[in-house]
Structure formats: C-alpha cells, structure tokens
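**Student:** Chain residues, written in single-letter form:
There are 4 protein chains.
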Amino acid sequence: MTSETVHLDGHIIDSQTLSRVLDVILLQGGTYEITTFRIGTKREEPSHAEIVVRAEDTGTLHRILQDIGQLGATSPAHEARAEEAPADGVFPADFYSTTNLESFVRMRGQWTPIERIEMDCGVVLDASGDTPRAICTPMHRVRKGDRILVDELAVKVVPAPRKDPLHVFGFMSSDVSAERPKELTVAAVARGMAEARREGKRILFVGGPAIIHTGAGIYLEQLVASGWIDVLFAGNALATHDIESALLGTSLGIQLRTGVPMASGHNHHLRAINTIRQAGGIRQAVEQGLLTRGVMHACVAHGVDYVLAGSIRDDGPLPDVITDVVRAQDAMRERVKGVGLAIMVATTLHSVATGNLLPASVQIICVDNHMETITKLMDRGTHQAFGLVTDCQFFLKELAARTATT
Amino acid sequence: MTSETVHLDGHIIDSQTLSRVLDVILLQGGTYEITTFRIGTKREEPSHAEIVVRAEDTGTLHRILQDIGQLGATSPAHEARAEEAPADGVFPADFYSTTNLESFVRMRGQWTPIERIEMDCGVVLDASGDTPRAICTPMHRVRKGDRILVDELAVKVVPAPRKDPLHVFGFMSSDVSAERPKELTVAAVARGMAEARREGKRILFVGGPAIIHTGAGIYLEQLVASGWIDVLFAGNALATHDIESALLGTSLGIQLRTGVPMASGHNHHLRAINTIRQAGGIRQAVEQGLLTRGVMHACVAHGVDYVLAGSIRDDGPLPDVITDVVRAQDAMRERVKGVGLAIMVATTLHSVATGNLLPASVQIICVDNHMETITKLMDRGTHQAFGLVTDCQFFLKELAARTATT
Amino acid sequence: MTSETVHLDGHIIDSQTLSRVLDVILLQGGTYEITTFRIGTKREEPSHAEIVVRAEDTGTLHRILQDIGQLGATSPAHEARAEEAPADGVFPADFYSTTNLESFVRMRGQWTPIERIEMDCGVVLDASGDTPRAICTPMHRVRKGDRILVDELAVKVVPAPRKDPLHVFGFMSSDVSAERPKELTVAAVARGMAEARREGKRILFVGGPAIIHTGAGIYLEQLVASGWIDVLFAGNALATHDIESALLGTSLGIQLRTGVPMASGHNHHLRAINTIRQAGGIRQAVEQGLLTRGVMHACVAHGVDYVLAGSIRDDGPLPDVITDVVRAQDAMRERVKGVGLAIMVATTLHSVATGNLLPASVQIICVDNHMETITKLMDRGTHQAFGLVTDCQFFLKELAARTATT
Amino acid sequence: MTSETVHLDGHIIDSQTLSRVLDVILLQGGTYEITTFRIGTKREEPSHAEIVVRAEDTGTLHRILQDIGQLGATSPAHEARAEEAPADGVFPADFYSTTNLESFVRMRGQWTPIERIEMDCGVVLDASGDTPRAICTPMHRVRKGDRILVDELAVKVVPAPRKDPLHVFGFMSSDVSAERPKELTVAAVARGMAEARREGKRILFVGGPAIIHTGAGIYLEQLVASGWIDVLFAGNALATHDIESALLGTSLGIQLRTGVPMASGHNHHLRAINTIRQAGGIRQAVEQGLLTRGVMHACVAHGVDYVLAGSIRDDGPLPDVITDVVRAQDAMRERVKGVGLAIMVATTLHSVATGNLLPASVQIICVDNHMETITKLMDRGTHQAFGLVTDCQFFLKELAARTATT
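Quick note, the sequences are listed as chains Y, P, L and V, same order. No gaps in the numbering here: position 152 of the first sequence is 1061 in the numbering used here, and each next residue is one more. No gaps in the numbering here: position 303 of the second sequence is 1212 in the numbering used here, and each next residue is one more. No gaps in the numbering here: position 286 of the third sequence is 1195 in the numbering used here, and each next residue is one more. No gaps in the numbering here: position 260 of the fourth sequence is 1169 in the numbering used here, and each next residue is one more.
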C-alpha cells in the first residue's frame, strides 16, 4: 500500500471538482481520506481540501495522480523531467500529452504556463533563457533532440469551469436537446458575438457546404460583409458551391432562385472550379472582375482571412485549397490566435479539426441538424462547446437579422 | 401454363406504368407478350397496350393479376363477388383490401367508384338501390352480414400519377434530401396553400409538441388566426404545452421568453392540464376568460375544428382528448372530408395515422428534422407526401411570414 | 430578506448533491451560507451540512426550498397540508406534483413514504387509519373530496443516486455515445438480467414493431420462451406483424425468409388481424391451433403477461389491444409492480410511456438506433436509463445468445 | 422553333429509359413526337424509338440533347470536337464533364470508349495513333495543350441499368429503409462477395474508425486474414485506433475488453502513433515485431494493399498516411482498377470520396447507422449503391461468420 497527499483549492464544491476527484480515486482502484477540509461558506470564498490517496501499488497510485492532476489536484511539487526527442516528428516514449485546458509545468520550482495550449500535443521545455519556457508542440513539428516533457506529475491543469448558468449561453448548458426555443438561442449567439467584439476577441466561423446548398450563403455573406467574422475555416466544397452560385446561380446543380435542377447542372461546380483555376485563384478572380458576389468574394473584399483545407472528396480543387492536411492544420493553428468565439455550422470534419486546435477557453457554438455531430465534437475532447440542433439555413438567416440590429 | 390478357391505357409511358407492370410480371414469375401497342405520339395523347400475361399455374397468374391490377392493368371485366361478414368487426377471409388510390369495382357490368377511399380497409357492396354502391369501410365498422367485396379481379385502380415536375411542389419531388434551398420550399408550401384556397379545398394541419417547445407556437397561432388552417390534428402534448405556455409562459418547464428553466417548472404542464380539467375543457376555459392566447385559444376563437387524439404517454389528459384511439380515428376520418392539402409538422405518430386516412389525391407536406420520419410516412403507403427536412420553428416562422403577404 | 436553514445528509459530496443544491440556490436568485459542515473522510462515511438559504422575498425563498427539497435538502419539518379535490379527476390548484424518486411526506411528525411513486401525479393523504398513508395518484383517478397534498415543504425526496461506475451497467454511464464496444454492453445487459433474477425482481420488455420487421422476432421469442421476460408492453403493430409473420411468413409484406416483397403483401397485416378477430383474440387463436409460433404465441404458451396499448395509427386493431389509452396506462401501471429491470427496444412511444410509470429505482436499458430516442426518454424525466445506440436486430440476437449461456 | 431527331434502343420500356427521356424533354421546355416505335414483345427483345425533339431556340434544344444524351438518346452522330487545355490543370471553358457511366465518343465516325471512366472529369482525346483514344482525366492531371473534348453532342452514354430485382442484392433495391430483415441482407453481401471472387473481381473495403471503437476490429481482421479483402481504403483514425487497440488494448481510451475508460486513456492513440513513427511505419512495426495483431497487421501479413488518406482532423499522423489529398486520390484511383465490389462501412468522407472514383458498373454496399450517409452518397452521383442501415459492429460480425462458411 502506497499513498500521496494532494491539495485541491478553489470553488471545488460548486464546480463539482471535489466529487469528481473522489470518484476517480475510487474508480481507478484507490481509496482516500480527507484529512483537511475548509469550506467556503459563501459564493465568493474558495474551499480547500487535503486528501490522502492510497493505492495497492505505485503504478495504480501514479495513474490516479495523473488523472486527478487533470482535475487540478496537485501533489507537492515535482520538478519537470524531460527527455530528448529521438527523431524528427517523434516524441520520447513517455511524453506528456496535453489536454486543451490551461496548464502549468513545474520548472525551477515555479509553475510555468504551457504556451499555445491545444489538445493531443507534447510539450517542448526550453530552459535556455533566463525564464524557462514550456511550449505545446504538435508531433509533426518536434525536432530530434528537442527536450520533451515526460511524466504528468509536474503538471498542474486548471480544471474546466462548469458552464456558468448565468452566462449568455448559460441556459443552453444542460444538454443539446433539439427541443429548445431556437430563436432565443440564436439571440444569445448574437449577444455572444457582440460581447467578443467588446472584449477585443476575434470571431472564427467554421462552415460546411450545406450552408450554400440550403440557400443560406447570402446570410453568411452578410455576416462577413458587416464585419462580424474575422476568419473563416472551410473546405473546397463550401468555396466551390459558393462560387458556383455566384457564377452560375446554382448549388449542386440546383438553381438557388427556383429550386429547380438545371440541365447538366451536375457539372456546374466543376466549371466554377475550372474558371477559378484559370484565373489563378479566388483573389485573382475577384480582382479580374469574374467573381462579384458570394461568401468568398465578401472575404476577399472585406479582408477576412480564410483557410480552405483539402479533403479526399474534393473535386479540382480550387487553387486556394491547401491540399496537404498537415500544412492545412498549421495554417489553421496560425489563425486561431486571439479567437474568443468559434461558430461551427454544418460540418463535422472541420468542426472536430478546429476543436482539436482550440484551447478550452475559447467559446464554441456548434450548429448542426444532427445531435450526433455535436456529441461527437464533445466526445473528442471539446467539452466547452454549446450545441444547437437546428437547420443551418434558419440559424444563419436569424443570426444575420439579429446581428444587423445589434 | 395459363394466361390472361390485360389492357392498359393512358399516359402509361411517361407515368412509367407500363414498365412497372412488365417488371411486376417478371418479378412474380410470369412472362409477357405485348400483342398490341399504340403509342401517344405527343404529350396529350394516351397510349394503349394489350399484354398477354402467362404463368405456370393459376395461383401465380392470380397473384400477378392482383398486383398489376393495382397499377391499372385491367382484365376483361370480372363481376364483383361478395361474401358476408361472419361477425361484427370481422371481414370474410378473402376480403379485398384497399389502397389509398382512386378505385372502381365492376358491379352489374359498370365500373362503380369505391366511396370514401382510404388504405387498409374493406369494401362493403350495397346492391339494394337502383345504383349499386361500394363503400370503403374500416374493419371495426363492419357489421355481421354486410356484403364484403372479395377477390381483386373485379377492381380497377387508377395508378398514382407521377409527381408532376411542373407542379408547385414539383421541384421537391425527386427526394427528401436535407440539402435543398429551404426558403424556396416554404414559399412553395405557401403557394400550395393559396392554391388550395382558390380551389375551395380545406387545409389540415397535423402537429407535434416540438412546435411549442421550440417557440414556434406563436407562428402556428398566427396561421390559425389568419384563417389558413381549417382543421387541426394533434395530441394531448401539443395542446397541453400550448396551454402551459399561455397560462405560465413555459413549455416543458422552460421559459419561452428567456430559455431558462423555471423552478419546479417540470410540473407546469400538469398544472395547466388541471386548470383545464377544472374548467371543463378548452372551450370552457376560453369562455371563462382563463385561456386568452395560444394555438388552442386561436382554434376556439376562430372556429377551427380540432381533434386531440390520445396516446399512452399522455398526462392528464385534457378533457378534450379522445382517449379511445378507434374513436379518435373515426373523429379524424370525419374531418378529412374536403381536405386538399395536409401539412404535417414534427410528429411521426399523428402523421402516419393521418396519412392512413387520406386518399392519395390529397397533397401532403411533411416537415421534420429527421429524414426518417418522412421516409417512414412514405414506407407506410403515403407515397404522395413531399418531404422537407428542417426545423419546425424555422418552417412555421417562414410560413407565417410568407402567408401573411400572399 | 428572508431565510431558512436546511439540512443535507449522506454522500452529498461524491453524489454531487451539495454542489447541485448550492447551484440551484444561486440560479434561483438566492444566496447561502454553510454554517456547519462535517465531511465523511472515507467512502463509507456520510457527510452533513447545514445551510442558511437567503432570498429577497418569501416567494423566491419558497421556490428555492421547493427545488432543493427535490435534491434532499430538508427544512426543519413542516407538517403536510391537504386540500380537497374539487371534482373527480381534478386536483386542488396548489397540489404537490410527484417526481419518480423515493419520497416521504411529514405526517403527524413522521416521515411517511409515498406509496406507488411515479412521476407527474398527485398525492392522496389518508389519515383515517392508525398509521397515516400517502398514496401517489394519477390525475384521472382522484375523486372529489379526496384529501390531496398541497405545498412541497413537507416533502422529503431521496435524491437520485449517481450512476455507480462499478455497477454492471456502470461503464455505460457517462453518455449514450454510439461509439462504444457494443458486444460488451449486451453482455452487461445479460448480467443485469441474471442479477434481477437472483434478486427476485421481474423483468419488463417494451418493444416496437421494428423488432419484427428486421427479423429479430425469433430472438425475442427465444427470450420469452426461456423465461427471461416476465411482462411485455407493446402495441398493436408489434403483435400484428409478429402474427403476420407466424401466419404468412411476412412482415410489412416482406418475406422474412428471403427479404423479397410478396405479391399483395401490403395487406398481409390486415389479414392477420382479421384472422385473430375472427378467432376472438390471441389466446383463443393459440388455443384453436391457429397461432403456433412467434412472440405472442410464446407469451401465451409460457404465461407471460402482456399489455397491448392502442395508438391512433393502429389498423384493426387486434381484440387484445386496449384502445382506451387511459385504461391502457392503468393496465401497465398494474404490471410494473415488482419490476426491477426494464428493457426498452425500438419504440419511442412505449418507452416514454413506460418510463413515466416507473419509479427511479427501476433500472432501464433503452436500445434504439437513434440517439435522440434515448435522449428524449431522459429529457422526459427518466434519468436512470442507460442508453445503447444500436440495431434492435443485433441487440436481440446477441442477447438471446448470451442469456442462453448464462 | 428548332428540332432534332434522336434514336433510343434497347430495353427502354422496362428500364424506364423512354419515360425518363420524355420527362426530361418536357421539363426542359421542349416538346416531342414519337415518329417510330417498335416494342420488344418479349423480355429478350429490344425496343426501338425515334423521337423528334422540338424547342423554341437552339440553346434549349442543345440543353435537352445534352441531358437526354446522358440517358442514351443519341443524335445522328456528331463528330467529337476538341480544344486545347489553356494551362496545366485547367480545361477549356466548354469541356465535356463525365458521369460515372460507361460512355463513348464519336471519333472518325466510330464510337470510341472513354477509358478509365469516373465522374466529374474531362476527356483527353488522343488522335495520334492508328486508333483514336479518349481518356477520362481528372482536372489536376491535364497538361497545357492536351486536346480536351468539348460539347456533349458527340458523346453516347450507356444509361444506368435499373437495379435488377433478381440480382443477389435485388431485394434491397427499392429503398434504404432501416426496417428490413438485416441478417438476410448480410447474407446477400456474403453471396455478392463470393460471386465477385468467382468472376475474378477484386473486393474493396472502405472503413471508418467506429469499426474499431465499437469492437468490430476483430471481425474486419478476420475478413482480411481469410483473404476476402483485396484492398483497404481508410484514414489515419481507423489505422491509429486499430494499432492503439493492438498495442494498448483500448480505442478512444476505452478498454475494448471491458468497456471501461482507462486512466489517461485519452492519449493512448497519440502513444500508438508515436510508436509507429518511431518504427518508421506500419510495415516496419510489423517487421520489428512491435505490431502483432489487428486490422493493419493483417493487411501487412496477408499482402493486402491499403491507402490511408489524410484529413485535417488527424493527429500525428501515422507515417503511412498520404497527407496530400490530391496524391491520396491518385493512390486510390490506382487501386480501384479491377474492383467489382466495394463495401463501405461507417464513413461518410471515405465513402463519398471512393464513390467519386468508381465507375457505375462497380457494385457498392454502403453500411451506416444513419440513413443520411447513404442518401448523401447517392445524391453525389453514386446511384448504384445499395444501402443498409445498421450498426457496423453487427454487420461485420455477421459478415465474418457468413463468409467463414461460404
């Protein structure tokens, strides 16, 4: 039998942190004793607990400490240990793997923040300067010889706050039920956007092609043109069908003005792509006067940055599409800096990919007409997302109307 | 080897009737020879085919003739045969079972129309008067001794027309894809409603409680109040949550004005039901000034007929609910007369139940955010339905706006 | 400003009860002070808290006390108050509305258990005998003059335990994700059934017609025949298609042996119903040797009780179907006594209806290929359900195989 | 008014080709006159029609001829016209865009087959040799100066045959309903695989990671190991979770043997990827004895070719993943040669991408627990797919059992 004492501080009762820590200890086969407990008697006052964790063997104890460490339970500080990356793109076997929560590493007796946190990366320790640094690093970017953090014990993670019921999105927090007053939810998103603006944070929009097929492109175009979107993540399909609709009036070959399929409309998207390839790219097509409306035109015209990431179902693709997915991820990584709110609409692929890159502190609204897309996003670790089960067409029409009057 | 010659007339090429008839013959193990064929050279001209159907045995031939009879292929007329119903609510073993298509029975050498056609019923033959009659009759209504049509050979069914691509709903016809321009579809429904009005046909609305939960009740109320709905089919839940929202401002305990759950809101629907039971019913609650707004209030205030049909998940229920499902079906049966357009929103149970009662000539729009609800409606024989995969909140808001300007 | 002190006892940390109580106080606009707190230092030891709840006005305080009462926070005991039911089927306006959790009423200074607890009912107080009684009563059963409990303050609810992660279904507890090892989950259900048997509890099966359409009827038949099911809740459709398959080898007109649609198979279900109506009922058809296999035959042959509850989409219906939904609920209510485990497969209607009748202590497994059916069941108050997103055919085949070897 | 006469030959009645041609003419604003019609009197005999198509203007007529050309209606032969590609990766503006149907181009008065047909490509005409050739070419592969087919009039498309109801998959043909006997469908897939083997055609398997998460990896491994799969298309996720399960016994951090989440299991997939990156690749990991079981091991051990195509949600990725999506498409293109049957399980992305590359003559079974995945595949032009709405775990377990006895 082996044991270690951990400390837990803060709003650990009403954030349910304490109960989750105790749960994990039992679930992983340990036992506990709460040796000290001071409860905050009022809302503002933090509580403090000291807990002795016991386990049969050190392996079990280590696993428990790892897990409850992710909930904020810190052992009396261990100092960070590092090992060298054995090759480019390869971590040492026992590397520490990040979550998307704000985290600190114990270096030279100090809690050093992990920079650029995102989930499923390693941490490069840089002790060369006066102040040691810890940098969250995706696997493909590590270089042979980089000093990589190993072992979880020297890491302190700030547990995810519970979704605040008094927050602008608070009333959405309990679940992703489809049976909610939908207009209110859209109104809350509009308020959340205004709030992000006031706080000087950027707004990221992640969208799928159904936006165009359902006829909602004009509303997204309005949002872009009125300055509500700072950066757009999408794929070849959204851009292609948007351009198809701007050039030929169709999407998937269906006339957006009448809903009627057009003769040979099935190849319109190819013709649109071919036109842009001939022009040299979307920006060039705008400059040459070929492309005069639509979402992509609005992005170019209003200086909104975009990343079009490739996928294997792409036709063409458009010259602007980054066909290498690792390079596309890096381009997205670059653009998420300063983002405070991400709105994800009608795309599982791009939503999960973006969720992987965002720290837990970025608020996310995920809109899809399938509850399972939202569930999948959360299952993949993006727990901070608020879900809205509805039609993208309706959502964007309502959002464009509400932001217009904000 | 046995054979029989059938005739097929009308737009049998462009309605695909001929190819379907030939398919069925082969599929059921028969062979065919087309002995006569005159093609309509232009759109307006009917075609005429005479087909010898051959099969190994008379059982197979009989089954083929039954099946292609449902497609309009008529044998040189057999005279109708009847047997007596052996008991109340029981047909003779070999009873003819109806589809929802316009149908005729050969009686005294004449094609007599089957009255009040609906699917999955029997046919009572009444030869007592000067003119023989054939009346479509649900199983529970048959009385011992009624003369019931047996055998399919004396029946001629008018095959379902293909969905006309030039019709107001035509562009929706090919499938129920979620990836369609949604506003256009709603506009088409609004035009379809105006068309039904012009033609003097009644409009039936069938709705589920998600209409209220999502905050769309006010739009349905508008449609009722502006006279667009002639009859409403719903259940205890829609009416209860509508009344809960009128009396207490909540639905499922969630405040419709703010989206926030209310203290003890989970029992609001029970309090709403109790209030109406105390009043004696919905109409009485309106008359007593207790109920002053909402969908049900609008129905009472504007004289719109409604059927609230019971289900085993009902709380209460409201006094207006018909708790016996067979009686509820009969009440619905009574109200579908003269209906030309049925709009079904966010309810599988009531949509399928209503679909069962409607002749194939009634146009149906089925709106649900799950494609499978629409598919199920069609699978159950209501092939004429047009599907729209979208949110009921959006659909009703858009429809209320569009009908307001029609 | 007004206040009241409440007590909270038990595993209030690791059941998250304390944090939820504090949450509700803040959310409803109150404040709190924890005046006493003794923490259980080990798993087995209960904790104890005394909390002063403050609110601006008595209305707010009352609402808070109501809500946290549902979580187990009891005020120094108020004595139960009752009012007379003003009419048959009508509660007094301020009636106490039940949850499905174990509950007690303070009568003559004692905590009296509420008998036959189910959600969304009232409570009849009977002080006539030596020992006072409190009986959970559905609205339609109350009689004018019955003494009905009003006001929540004299009620103590035993909060729902957290799903125990070490329980046989524990690993399913965190969510209803479709991405789980499915065979393991079925194995857990089989173990849960064996456990229910050992504990002398009854097993209820609630099923929809897709069980028959997908060809899984033979597996349900096996479960019934081998004594694993004590009572079956279903509708006309399951029984009809089961009998259709026993008599004619088809379901929805499709041959279950080959998957090929049969000629005129669309009316097979009507013929099956007609045959049973002629026989007088399912039991009679078995006794007359007409019905010799299938799920319903197995129920009759093995003395398994069943309730077939009517719905408005029923054809026929079978004579065994209870067409009045309130009577059907009462029949179901009668049968759920002693049930310890309910298995709900492929039916939203019957699952929600049954969930409404079951106390929270009955374990529920809900199997459906749509996550939203399971979510809806939980949203309607049946929080104890474990969900499994899978195909009913697979589930039943696997379950029949696993129980055969248990 | 302008007109042109087209010919239509073959089984144009029972394939519904004639009725669809007449439909299109009317829908696109034309009129027709059938000047000659000879009907095949028996199943084996082809029919022949000559149709005068009339339209207001040549633009309309041209569009009609394009569209009905895709249905097999050929004008008296036009000779192919070509234009030079203006730049690498760019077609001339009026390029002919392919479908996935067998097609011919009129060159030197002969119908020349278009080689390597797939949808959404252009056609390079090569008249350099004795025999002219026409080669289907994706946009990114065209080189400046290539002679590209323009204008549809010189193309003859062999219309898609109707799904044959007597075929092994025939009974699945009418729809993708979830309410089908599922075991029969799996049995049909097993027979289809045996048939493909007998005919010397290759079998392609396209799979998503849910196969591993649900515990079905062992069944896919069996299919690979017993030689039923010739080539596997998947992504980083399937391979990673398969390797995670082989190395660590988990998938998504959940123990596949018990279903219980493991401590820190969320990073197991990263550790698996890191191990393979360290080894240099999957084959190397097998050769080094690190990877000894699972699907990917079976592929290496049994010489089954695989393409792992990158996506932006990939972690790592594994060294075997082709991160450039255009290169990945080309690698897939290379592998589909000789494929006669494609089985697509639980992946929308890879299914649609593969569907884009397959000629219409390749049979496709698409298995997913969402009907909409299957619908989307068909909506994107892969009309030949048969859908099965079920759980991948069940499907693969059943398929492995059935092929084992075939």
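Just to be clear, a hint being listed does not mean it is correct.
Put simply, identical chains are the same to the list, so a pair is met inside one copy or across any two.
[Claimed, not checked] In silico DMTMM-like pairs for lysine to aspartate or glutamate, Cα to Cα no more than 20 Å straight-line:
{"no.": "1", "residue 1": "K951", "residue 2": "E913"}
{"no.": "2", "residue 1": "K951", "residue 2": "D932"}
{"no.": "3", "residue 1": "K1053", "residue 2": "E942"}
{"no.": "4", "residue 1": "K1065", "residue 2": "D1229"}
{"no.": "5", "residue 1": "K1246", "residue 2": "D1060"}
{"no.": "6", "residue 1": "K1285", "residue 2": "E959"}
{"no.": "7", "residue 1": "K1285", "residue 2": "D1039"}
{"no.": "8", "residue 1": "K1285", "residue 2": "D1214"}
By construction, these hints were calculated from the structure, which means they are not laboratory data.
**Student:** Would you mind marking each hint as holding or not holding in the structure?
**Tutor:** For each hint, the structure was consulted:
no. : hint          : verdict
1   : K951 x E913   : between (30 Å within a copy, 15 Å between copies)
2   : K951 x D932   : between (25 Å within a copy, 12 Å between copies)
3   : K1053 x E942  : neither (44 Å within a copy, 56 Å between copies)
4   : K1065 x D1229 : neither (41 Å within a copy, 35 Å between copies)
5   : K1246 x D1060 : neither (28 Å within a copy, 48 Å between copies)
6   : K1285 x E959  : neither (36 Å within a copy, 40 Å between copies)
7   : K1285 x D1039 : neither (43 Å within a copy, 57 Å between copies)
8   : K1285 x D1214 : neither (27 Å within a copy, 30 Å between copies)
Violated hints for the displayed structure, listed by number in ascending order: 3, 4, 5, 6, 7, 8.
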